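> Sequence:
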Amino acid sequence: MKEGSVIVNHTSALGLNPKSDMIVHSAASTGFLVSSMAFSKNKYFKKTKIRMTTLCSELFPSTFVGDNTVPPITCDGQEAQKNIQISIAKSAAYLVNHGSNNTLWLCQQNGILSLVELQKIVEFTEKYEPRIIID
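Residue numbers for the sequence shown follow the working numbering, so the first one is 1 and each next one is one higher.
I should point out that these hints are in silico values taken from the structure, not numbers from a laboratory. All clues stand as given, with none of them false.
Have a look at the derived ranges for each label pair, beta carbon to beta carbon: (1) 35 with 83: 26 to 32 Å; (2) 50 with 27: 24 to 30 Å; (3) 28 with 50: 19 to 25 Å; (4) 83 with 23: 24 to 30 Å; (5) 83 with 49: 31 to 37 Å; (6) 98 with 42: 14 to 20 Å; (7) 48 with 21: 35 to 41 Å; (8) 47 with 83: 34 to 40 Å.
The structure displayed is predicted, hence computed values, not measured ones. Using N, Cα and C, we set each Cβ at its ideal position, and we do this for glycine too.
Work out the full structure, taking the sequences as your base and the hints as a guide.
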């Protein structure tokens, strides 16, 4: 278990889909993802000692998953498909205990929690990073 405070932001995985038919929802989710990633950068972590990670819940199967996959989270695929909320809650609990700062995770319908690697988001947040003044 990791020490210190943690913030687990949650949004829809539609923000990971640039070709979504739900344009407004996808854009809002993407904005939330980018903001969360920007505010969890190491320079803020060093000042606040608060780990921040983002959890996306999947409404449909995704192809945006990286190679670092956590084993299924104590709920089988059938349970997860019937109740995605259980998977989201278990994923958030896992990330509170084990999630690293400035990471993006996908809670898939089949109950698997996966690390998402999106280089474009990192490049975007470095270029258009919001500024926070912490006393």
